[in-house]
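Student: So the chains spell out like this:
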Amino acid sequence: MSMADRWNSDKRDEDSEDESEEELSEGYYKAQKDALIFAIQVSESMLAPSPKSDDKKATDDSAALIALKCAYQVMQQRIISNPKDMIGIILFGTKKTQAPDIGRQDSHCYLLTDLDVPAADDVKALRDLVEEDEDVDEVLAPSDQPADMVMLLRLVLHLFQTRAPNFGSRRLFIITDNDDPCAGMKKNPAWDPAVGAKDIYDHGCSIELFPITHGRSEFDTSKFYDDIIYHDPILDEETPGKIAPAKSGDGLGLLHSLVSNINSRQTPKRAYFSDMPFELGPGLTISVKGYNIIQKQAPARSCYVWVGGEKPQVAIGETARLAEGSSRTVESSEVKKAYKFGNEYVYFTEEEQKSIKQFGDPCIRIIGFKDRKLLKFWASVKKSIYIFPSEQGYVGSTRVFTALWQKLLKSKKVGVAWHIARKNGNPQLVAIIPSRAASDEKSGTQYLPAGLWLYPIPFVDDVRDGPETGKVIRTTDALTDRMNKVVQQLQLPGGAYTPSKYPNPALQWHYKILQALALEDVVPDQPVDTTVPKYRAIHKRCGGYIQEWSRVADDALEQIQEGKKLKREMEADEDEEEVRPAKKSRSTTTKDKNTGEDGLSNVELRKRYNAGTLAKLTVAELRSSMGGRGIDTKGLKKDLVERLEQWVEENV
Amino acid sequence: MADKEATVYILDLGSSMADCHNGRTESDLDWSMRYVWDKISTTVAASRKTWNVGVVGVRTDETDNPLQEQEEGSEGYEHISVLQELGPMSMQNLQDLRDRVKPSHTQAGDCISAIVLAIEMIEKLTKKLKYNRRVILVTDGEAPIDSSDIGDISEKMKRSGIQLTVLGVDFDDAEFGFKEEDKSSIKEQNEKTLRDFAEKCDGLYGTVAEAIAELETPRVKSVRPYKTYDGPLTLGDPNMHADAMSIDVERYFKTHKAAVPPASRVVMKITSSDDPSDVPEAANGDEMQGVESTPSFAAVKNSRKYVVNDSDIPGGKRDVDPSELAKGYEYGRTAVHISESDYNITKIETTKGFSIVGFIYQEKYEPFLNVGETCMTIAQKSNDAAALKLSSLIHSLHELESYAVARIVAKDGKEPTLVLLAPHIEPDFECLYDIPLPFAEDVRSYPFPPLDKVLTIQGNSVTTNHRNLPSQELQEAMDDYVDAMDISSWEKDDDGNRTMEYAPVYDVFSPPLHRINQAIRYRATYPTKPVPLIPAILLKYASPPEDLVAKVKSDLEDLIDKASVKKVPPKAKGKKDKGERPQPISGLDIDALLKQPENKKAALDPDNAIPKFKQRVELADDQADIEDAMSQMGSIIRGMVTKSFGDQDYDRAVEHIGVMKETATEFEYPDLFNSFMKDFKTRILSGEFGGDRRELWWKIKHASLGLIDANASEHSKVTAEEAAEFLKR
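So the sequences go chain by chain: G and B.
The numbering of the first sequence is our numbering, which starts it at 63 and goes up by one.
The numbering of the second sequence is our numbering, which starts it at 16 and goes up by one.
Okay, chain B solo, but in the shape it has when bound:
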């Protein structure tokens, strides 16, 4: 559960913040705001009503704050403006704020006064309630500061539990390793003052560069422990036999896939047309601004209706009345409906429980059998007996190098699953980890030939001297390379020695998750800027570490040499040599048989077009033969589509087109296919095949059966872009 928060940002908007320093091309303000915007937008994204943000500008042109008005005559609150009252923050606020955070034309304004204002704001909102209170000051320290009340103010902050963070533009920070040369004397003085201040109220003090560097490291959201089971872990059935084992346990998630935020479907809301000037300017889709607030977007809702196939009706589909629908399932192609009262009839009846089935040896299990996420089982809280008993099971599994197989039903009525329990022992912690096991149906039996020998078609087995088996030299080169590429202890420790595991789980951030979060936050803050590049930290493990690659260079070269792998040129992939075509096991010369006069026919049989077409092209004597086969195939396809009742023969047509395209590519006659396809598309879209056949075009598009482009066949005059364009509409 998130605590309530009240955070006030104090932004130094003095004219000096518009300058660029230390080789940056960004103004000091923009640069510092990178940090602030990131923080604020994170708050906005969370959209929690209990998270309050306020923003105060110091060294602003105007003066706009309650203290100024209240304490007439009291000095020091000039050039301080409340840019955003302390409260929950919406994206609209964020955008308004963006317009207001601009460098001013003044140098005057006191940061300490702004802190006093921030304290007032926080006190007013939070009263005595439980809040995380924070004030974050961002300044370049170039304006005079009245430090006379620092002692009182810091006392007050400590009392109120307000944490101060001072972030200074190019402030010196020995710990981070930054020191600015030729600093102005006033800045030097202010740095000292602010550091003292931060120390006095137990606050934080740092340089902006450090804060920005930290932004690069993704934040991992911690999630409250989720209990997946609590109850007894049994061995035997305590209800049946008094001697059965029963330990009260609790089971929690150990791993759970962190969800990547999904995109939702939205449409532009169309404002009522009564007042034409009211239409948002972005209403015509493409010119839409990057960020739109709620009023201009609407979520898309689905409304469902149901139809059944009915061949008596044009279009073949009939709407049905929802009252005539029953829930059910398909058994093969038979619809089985189940009445409301029987709805649970197909559900297996189960009672909650967690029971051990038996034990297996650790070495007899392979982790690639896992079918999902891990849970951890610990003894019930404050139950010494359970803790002791569970510990004995954990230690026993550990000593005997065994795992337990258990059946778990998380709640009454839930389907049973089998899990594998493994012992885990740390000095201050013990648990059983479990992963779900596959059932019989979850393992498919796919036959594969063995790797360490080659079975010939005659049924002999070859174990050496075969192109598919590694030679002694290759095996040795591989052994050396794998050993050299070891990263079990490649990461450097604090002393710079390579003692730590490289890429352990705790170092690897989810790239898709943090990438999308970064892009969303950035877009919300800078609506008009292009999407930023992927942070380097997310790509750190996309390739082997460079220093390691340098180290293994000679081993790798040796391996490449011994492997002598050859890339198959893209063109050759389609075209098969005659020896590589599938052929009867007997080696019968099927071509000779097909060339017999009895089997040579001039016309392709529409009922057996695909094989005969392929055979015609394969055995063609000249180009004219191929052209003829192609044109016959084209007219068979057109005839098939014309005769199709509804969408009945569309799949067949797609298959024919697919074979035609494949064959044209393989035999390098792309133009023959392309001209057929162009003509065919025109005919479909003009409704020439007896009605609306656009559904067929969708199918063709989906199967990517458009033109053969130059990438697929070098003889093609169609570019990849043209081919893509052709499919588009």
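Bound conformation, chain G alone:
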């Protein structure tokens, strides 16, 4: 076996055990990737400039150009969100024909971007076309003959078959304003678009239609498209309703509605788990599917690029395994898994390993219901999974699920459940929380679908203690009132957090720079960062209130310190009368002004450590230096010194 084989096979082993958030696709043997082909109609009406509008932002872009802009946006987004996905663009009804591998020169289909993971050149070519209006190849010219739909569908199927074999999701998006592309054609069973569409579906691909209307025209899907767009009764949740036509009034309106239509379908819906038994009680089980609707997106990892050739190429790393302390290459069959125990290893056989990790089959099992307020704000460890009923495992799941959803909303309750997401997976205790319907005006999350969420609850092992704090210094009513004014002035729109307003600045910047480098553009110098607070607006709206709050705070502080001084003096008096016990309350020692607020600096500590003069510090000085560094401050002076010495040794 070559080294590459070994590496690959091991990688697979790891993948299969990995508890990572990999999603399951419907057909389990398929790759979890998406291939998307845009088919954009080119015709006189699609190329006509949009009618003039009063809106200043409006453009006179044609429908075809707007569709291309959409495709361009999607392409850029995909490179960031799903770097392994493929995109292709076909123009149909063009004067020119360019359809490789598929005979017929008169198909009037033009393959603008071949189906593949987009390269910088593809992005650039498309950008030149939509932004610079550089149609150098004159591809945006309509043919006299209408496009042959059969040829279009064959081309699409061919691309899916050869470029994206075994992809879990392959979809064709047709963008057109013509509801009857085969008008006037003779029926021919051997040359029927319906057969082409059936082939596409049977190959495991799907077709979605994004109709465009101009002015008052209608788009009648029954004329043609109802025969080639499919409806799957089993997976009816996948296609909730047809897509309403995007209207071309002014250019911008069309772009917006087309973009929002496409965005709503853009991401292939991948289930995180399917056919999951959801036990509401012993003897009552329904089936649900889970989705990662919330998924943290991070820049792809860096890689090594080989620059020794004509074109930079990504180098693929291959790992050989060596036994530590020797240069002996290790065969993968020799590799065992063992646990570190002390400085040594404890070994389990493969079967034992499996049995240790075995906590039962995947499930969501309710162990009871609680008032929602018992779920503490701080009890958070990781993102939640959205679940939706599925009739696949149990008929009747949807109605039972809905009844539970309604009850939880109505009574402000949550379920508590034991959840194992996958075979050999770790169990997690989750709260089951309902999300309101998007139509519900009280909902702060109208961008999320209605359903239930599995919210992981931390285990006691996951909870950390904070540092010791002294006596709490509490606000006064007058001060809180001043702060209330500030808080009331600075509500975010709708009083809710809307994620779509805050793109991840680090992620966007990373790809913006990368794109500029890839396309050899000028590197921009200022990132767009919507997460930066609107300082000017805050100043304008609240500057006065904050000043007032500051004044009140200063007054209150004076009183507090006055009170403290009194107390200290009284204590000092007492001290003279009797020798106070060694145990002083911490709040008085740490608040001792003589020692400064942070104790000594690290540099100072190191100096003293080297000189051996740490022991010359007073107990109060020691305590404040140690408390600030999270070191235990209890005990006698020599203990404190010893602990601080050890800390300096290890940390400075």
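Keep in mind the hints are simulated off the structure, nothing from the lab.
Every residue gets a Cβ at the ideal spot worked out from N, C-alpha and C, and that includes glycine.
Check each hint, because a few of them may be wrong.
What follows is a set of in silico ranges between Cβ atoms, one per label pair, in the way DEER data are often shown [unchecked claim]: (1) Gly556/G x Glu491/B: 31 to 37 Å; (2) Gln553/G x Lys568/B: 46 to 52 Å; (3) Pro276/B x Ser336/G: 27 to 33 Å.
Below, a list of computed lysine-lysine pairs in the DSS-like style, where the Cα atoms sit at most 30 Å apart [unchecked claim]: (4) Lys402/G x Lys320/B; (5) Lys332/B x Lys316/B; (6) Lys474/G x Lys568/B.
The hints should help you fit chain B onto chain G, whose structure is shown.
Tutor: What follows is chain B alone, placed relative to chain G:
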């Protein structure tokens, strides 16, 4: 930071410890050692050089201790042996010790003398330094004890700060609720003596059963507070406007996922072959002993090399020189390399800060938006002004039922995150808790139909009387059941009343974490014993409490009745009724169209095989038709693999095989597929398809595209075990 420790265990190894008592089938020694081994192995696992363990055996056959030699003639130190000198403990020590902890053949030996020895050992090591000093005595109290010096010894222990713990086998303990009947008089006497002794030196005294019961409860490791930010929390920009708010704060972890210990990759170390007798007997993998000390295992290190695709080279891959590699990223399929000096160019420049963006209503936020762990923000230490100001913000948020959204950059150059700040007020403590919020990219827009109504394909909306909507009766049954199953106050308090929350965070231990720790500790101590069962406490919350289930029985039965849910039989899952197949929205009879003579072709087109294969099988008139389609598909796949340049067409082949398997399962012809697959595998492995195609077999294996077993199709003659075996190699 862990303190230094010096712990001496005194183990009673007298012959009476070999007996079993009170219905146990384990000897008293083995039983007591459960506790001791657990403690010692925990120390070993921590592998801290400053944690010292010593072990003294009392009532041993031999006598082996320094006091015996030192004080020639002094009585009382016979039958006491140092089994392990006080020092750091390794797994090797642990194993050596295991061999030495055996019941002896003697009854003689004085526990109190052993304690004196333990004190000597501790003093010798720890001198006057800061240590946690402990002596733990485990005995059955069946041997005579000389109690004359107890007063002096306990004084000495108190002075030296040594804590004594006495654990007795079946000692009476009223607090724990244990009393042994028909106790020997000597044991009764000794129990009293030892209890007095423990009390005199402020030590602990208990019965072994209690100690063992405590082992069941997992220990939660406490971690030092970790500061994630310190600096000002601002509202507005103090550098821009003098009136901006700024409070000095510190932020710490509140929750942080406790890591489950990972397994490391190791190999058996092969000893140099010069001396054949030197080869460890366990060298041939499978007979490996449960525990191996370091010399026989070696960690596995990775050595990486880099290749690029090159279609001019057989195998398609070429090794490249590491000097020709630059770091970079992929933009789509374009490789973008970045020179060393520009490496941070894609990183956003940020400065450390924690600044409020705005405020939202608590009721407008849902916890399932959280994307991670919680932190807590408190005022800077000893800063009254900060404490007061932060308190006003906390109380204001509380009064206005609001949260704050803030942007935090933990350190200069770190990527910014948005967090949601919530007020938290206790009588003696106040803080802001925060959780990270999702960005625009982190929320995917997946469309789902509404739950409370059904949209028909015609675009109508139905809100009642639909099989997917709950009936009034179902909704009521659900309401009753959920109310009955409430565990908000199901846990019993000390008085036995149900007033406390069931399964609160502080009661639930992480099962994977404690399970693996338990198994590792146990295996290290008892290398030859099988892995123990999962402790019940880790499975406590795996199902609803039994008494609750009993209480809600009738509500649940009613709900089950009203729900009338039917399990879909496994067989029916694959096979779809005709009405349930995807079909054109228009309802066009596509089958009729396909049956037209123009569309019926005898041969499958290799370029369009999957759809045509499916259609052939669906519309087949008889079995011969299906057999023909299957065999054609088989030869298309074989042809595809033969022609594949390198691994180019493997994914395509896998897809074809997948469709073939699916179809064969659905239409219940498993044998047709199985015979193809068996033949196909033989051909791959014998290299019949033009070269080494084993990579394809890996792919097939990974996609689990082996034989159809009887679980998947009842017509299959292949068992699940056979199918698994088939895939294995």
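Student: Could you run down the list of hints and mark each one as holding or not?
Tutor: Hint check:
1. Judged by the Cβ atoms, the range 31 to 37 Å given for Gly556/G and Glu491/B holds: they are separated by roughly 35 Å.
2. Look at Gln553/G against Lys568/B: about 49 Å separates their beta carbons, and that is inside 46 to 52 Å.
3. In this structure, Pro276/B and Ser336/G meet the distance hint of 27 to 33 Å, their C-beta atoms being roughly 31 Å apart.
4. Note on Lys402/G and Lys320/B: the hinted pairing holds, with a Cα-Cα distance of about 28 Å set against a maximum of 30 Å.
5. Between Lys332/B and Lys316/B, the direct Cα distance comes to roughly 24 Å. Compliance with the 30 Å bound is thereby established for this hinted pair.
6. At most 30 Å may separate the alpha-carbon atoms for a hinted pair to count; Lys474/G and Lys568/B meet this at roughly 23 Å.
Every hint, counting from the list given before, is met by this structure.
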